[in-house]
Amino acid sequence: GGKVRVSAEMIDPHTQTTIYAESREGVGADSTLASIDTVTSILRERLGERLASIKDDSAPLPTVTTGNLDALRAFALGQRSLSRGDYVEAQQFYARATTLDPKFALAWLGQVRVTFGREDLNKAMVPLRKAQQLRDHLAPRERMYVDAWSARFDAPAQGAAKWIELAKVYPDYHPAQGNAAIWLYEDNRYNEAIPYATAATAEQYEYTGSNLDILGRLQLATGNYESAAMSFKRAVSMGRQGSLRRIAALEATQRRYASAEKALQRVSLQDLHGYIEKVSVAVDRGDWARAQKASRTALKMADEAGGFDARAFRITAATTSWLAGDEGGALRLARAAADQAAAALDAKENPYAEDDAALSIGAALIALRVGDESVAAKVEKTLQAHPQLMIAPSLRELADVLRAERLRALGRPQEALALLRPYLSGAERYQTRVALMQAASDAGELAEAVEHARWLQQRRGAAFMELKCGQCLQALNVADSNIAALLEAQVLKKMGKEKEAAAKLKSFDAWWATEALPDYLRTQRESAVTTSKLGTV
-17 GGKVRVSAEM IDPHTQTTIY AESREGVGAD STLASIDTVT SILRERLGER LASIKDDSAP
43 LPTVTTGNLD ALRAFALGQR SLSRGDYVEA QQFYARATTL DPKFALAWLG QVRVTFGRED
103 LNKAMVPLRK AQQLRDHLAP RERMYVDAWS ARFDAPAQGA AKWIELAKVY PDYHPAQGNA
163 AIWLYEDNRY NEAIPYATAA TAEQYEYTGS NLDILGRLQL ATGNYESAAM SFKRAVSMGR
223 QGSLRRIAAL EATQRRYASA EKALQRVSLQ DLHGYIEKVS VAVDRGDWAR AQKASRTALK
283 MADEAGGFDA RAFRITAATT SWLAGDEGGA LRLARAAADQ AAAALDAKEN PYAEDDAALS
343 IGAALIALRV GDESVAAKVE KTLQAHPQLM IAPSLRELAD VLRAERLRAL GRPQEALALL
403 RPYLSGAERY QTRVALMQAA SDAGELAEAV EHARWLQQRR GAAFMELKCG QCLQALNVAD
463 SNIAALLEAQ VLKKMGKEKE AAAKLKSFDA WWATEALPDY LRTQRESAVT TSKLGTV
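Quick note on numbering: the sequence shown equals residues -17 to 519 in the working numbering.
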């Protein structure tokens, strides 16, 4: 008779006995949301919640969602698409929802999640600003959710704290748990992030696949390979194809290259970010030509797309050029990346500001490796012009890594050591350890140099998984995980530990064939053979 009935039962999970049952009828489909409101309010009161609390903490569903059922259905379909990692389809459904109801704040937030997932933060700004304007159309929890997203763009240093606060206030709110994990992950606080990521993998959450991917990355970064493999495989089984590149990284971390290549073959050629691992695995194997080819392909794709990726892949291409012995090409790419990042930082609104700052530091570090100091000097001036960015601990640390490398180049390694040692908290950046290793070796602090070299070799999962600037430093980190073995061999030789030095050099040679080494690395390898306790002979 044109009526719609909404019914709900509360069932004891142990006995399967119905504890409460409630229903309401209305006329026509448009009555559905009002009936849901009535039913849930009654059940909440029966469960012991005070009526005043229900009234204070609640709002009619049409107000905090939408009164348009077609828009609500489009939103639900968008949620389902996003859970599979199908960002294109999810964006279409969310956009349809906001077309049907421009005041549908949750659908605008859905578009924020899509653009963030696609790593296109510039496009995230428009729906985020819309959601901010529609705060009155959100429940209290979702208002905190908007505030946390706003911090990501307007006050990045507060991002992790905002998500952690939301996760603590609403411990069963899976989006808060998942995002808390991501922001802790970005700060290298892997062990702190794992409980949040685990909580966000509950089966009833529509983004379980995405959070399994995050959990697997955290597990890989902390060396828990078996758990990481399980997380990535579950993510792929749920349609999260991006986890295939993580599987490749997991296999390469353990030097199981046949399995890594098999995973990479399943990564779409149109997946721009999949080239990050394609480059890094080639670097790890010492296949410079293949690494350069993959980085150039990715850079061409990134340039066509424009935006931050075009800047980030210049760092990857500069790294492969340096490793292949093309110092001129590496320097040109590093300079271009630093200049483009500086221009982006000067823009009125740049959602990639933190990443651009990190990217510019990465460019300067590569330039220093080919003996050019001018890029570093220019980058430090750029960072001084944006002091608000240095509030972020990870950026301050990377800036100090750059300062330490400049001090080392000036023959002041002890000052470099004093600058970086305070960062050894367990959440230090991979390049912090690289700089400490080199400075300790230069300063004659041989035992410390060996300690850092071994840390770098043991934390290869972190080399692959560390975030910042779109993982633009992944290839450099992976290369340094191998170069650390060469430096360890050199230092052990200086310490008179001939057998240990020879064993370590044998490992290095197994990873990177001597005949394929560029001149500067071949020279380092020769010194590992000819270095005596008193120095080079």
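Calculated directly from the structure, the hints in this document are not laboratory data.
Since the structure is predicted, the reported quantities are computational estimates derived from the model, not experimental observations.
For every residue, glycine included, the Cβ atom is placed at its ideal position computed from N, Cα and C.
Do not take every clue at face value.
[To be verified] Taking lysine to aspartate or glutamate and the EDC-like style, the derived pairs with C-alpha atoms no more than 20 Å apart in a straight line are:
1. K105 <-> D285
2. K282 <-> D328
3. K282 <-> D102
4. K479 <-> E397
5. K105 <-> D68
6. K(-15) <-> D52
7. K105 <-> D118
8. K215 <-> D269
9. K(-15) <-> E4
10. K479 <-> E433
11. K105 <-> E147
12. K105 <-> D328
13. K360 <-> D424
14. K105 <-> D136
15. K85 <-> E27
16. K479 <-> E410
17. K105 <-> D129
18. K330 <-> D308
19. K282 <-> D308
20. K85 <-> E31
21. K85 <-> D12
22. K481 <-> E410
23. K85 <-> D102
[Stated by the list, open to error] Just the calculated beta-carbon pair ranges, DEER-fashion:
24. G353 <-> K244: 26 to 32 Å
25. P177 <-> E208: 40 to 46 Å
26. A143 <-> K363: 50 to 56 Å
27. A184 <-> M372: 18 to 24 Å
28. E508 <-> G478: 38 to 44 Å
29. G(-17) <-> E208: 38 to 44 Å
30. K363 <-> D491: 53 to 59 Å
31. E482 <-> P153: 39 to 45 Å
32. A329 <-> T20: 25 to 31 Å
33. A329 <-> G353: 27 to 33 Å
34. G205 <-> G353: 50 to 56 Å
35. D491 <-> E188: 48 to 54 Å
36. E508 <-> R272: 49 to 55 Å
37. T(-3) <-> M212: 30 to 36 Å
Here's how the hints hold up against the structure:
A threshold of 20 Å between alpha carbons decides the hint, and for K105 with D285 the separation of about 17 Å falls inside it, so the pair holds. About 25 Å separates the Cα atoms of K282 and D328, which puts this hinted pair outside 20 Å; it is violated. About 17 Å separates the Cα atoms of K282 and D102, which keeps this hinted pair within 20 Å; it holds. Our distance criterion of 20 Å between C-alpha atoms is broken by K479 and E397, whose separation comes to about 28 Å.
With a C-alpha separation of about 17 Å, the suggested pair K105 and D68 falls inside the 20 Å cut-off, and the hint holds. The hinted pair formed by K(-15) and D52 meets the criterion: a straight-line CA distance of about 18 Å does not exceed 20 Å. The suggested pairing of K105 with D118 is violated, with an alpha-carbon distance near 23 Å, which exceeds 20 Å. Of the supplied pair hints, the one linking K215 and D269 is violated, its CA atoms being roughly 28 Å apart against a limit of 20 Å.
In summary, the hint linking K(-15) to E4 is supported, as the alpha carbons are separated by about 16 Å, within the 20 Å threshold. A C-alpha spacing of about 15 Å is found between K479 and E433, which places the hinted pair at or below 20 Å, so the restraint holds. For the proposed pair K105 and E147, the alpha carbon gap of about 26 Å is over 20 Å, so the pair is violated. Proposed proximity of K105 and D328 is supported: the alpha carbons are some 18 Å apart, at most 20 Å.
For the proposed pair K360 and D424, the alpha carbon gap of about 25 Å is over 20 Å, so the pair is violated. The straight-line distance between the Cα atoms of K105 and D136 is roughly 15 Å, inside the 20 Å bound, and the hint therefore holds. Restraint check: the Cα-Cα separation between K85 and E27 comes to about 30 Å, which exceeds 20 Å; the hinted pair is violated. Straight-line distance between C-alpha atoms of K479 and E410 comes to about 29 Å, which puts the hinted pair past the 20 Å bound.
The hinted pair formed by K105 and D129 meets the criterion: a straight-line CA distance of about 18 Å does not exceed 20 Å. A threshold of 20 Å between alpha carbons decides the hint, and for K330 with D308 the separation of about 36 Å lies outside it, so the pair is violated. With a CA separation close to 19 Å, the supplied pair K282 and D308 stays within the 20 Å bound. At most 20 Å may separate the alpha-carbon atoms for a hinted pair to count; K85 and E31 exceed this at roughly 30 Å.
The straight-line distance between the Cα atoms of K85 and D12 is roughly 17 Å, inside the 20 Å bound, and the hint therefore holds. Proposed proximity of K481 and E410 is contradicted: the alpha carbons are some 31 Å apart, above 20 Å. Our distance criterion of 20 Å between C-alpha atoms is broken by K85 and D102, whose separation comes to about 23 Å. Remark: the range hint 26 to 32 Å for G353 to K244 is contradicted by a beta-carbon distance near 39 Å.
Checking the proposed 40 to 46 Å range against P177 and E208 shows it is violated: the Cβ atoms sit about 18 Å from each other. The hint said 50 to 56 Å for the Cβ distance between A143 and K363, and at roughly 30 Å that hint is violated. For A184 paired with M372, a C-beta distance near 37 Å fails the hint of 18 to 24 Å. The hinted window of 38 to 44 Å between E508 and G478 is violated, with their beta carbons roughly 19 Å apart.
Against the hinted window of 38 to 44 Å, the Cβ-Cβ separation of G(-17) and E208 comes to about 59 Å, which falls outside the hint. Separated by about 42 Å at the C-beta atoms, K363 and D491 break the suggested range of 53 to 59 Å. In this structure, E482 and P153 break the distance hint of 39 to 45 Å, their C-beta atoms being roughly 50 Å apart. Between A329 and T20 the CB atoms are about 50 Å apart, so this pair departs from the stated range of 25 to 31 Å.
Taking the beta carbon of each, A329 and G353 are about 31 Å apart, inside 27 to 33 Å as hinted. Restraint check, G205 to G353: a C-beta distance of roughly 35 Å breaks the suggested window 50 to 56 Å. Between D491 and E188 the Cβ separation comes to about 49 Å, which falls inside the hinted range of 48 to 54 Å. Look at E508 against R272: about 25 Å separates their beta carbons, and that is not inside 49 to 55 Å.
Between T(-3) and M212 the C-beta distance comes to about 33 Å, which sits within the given range of 30 to 36 Å.
Comparing the model with each earlier hint shows violations of hints 2, 4, 7, 8, 11, 13, 15, 16, 18, 20, 22, 23, 24, 25, 26, 27, 28, 29, 30, 31, 32, 34 and 36; every other hint is respected.
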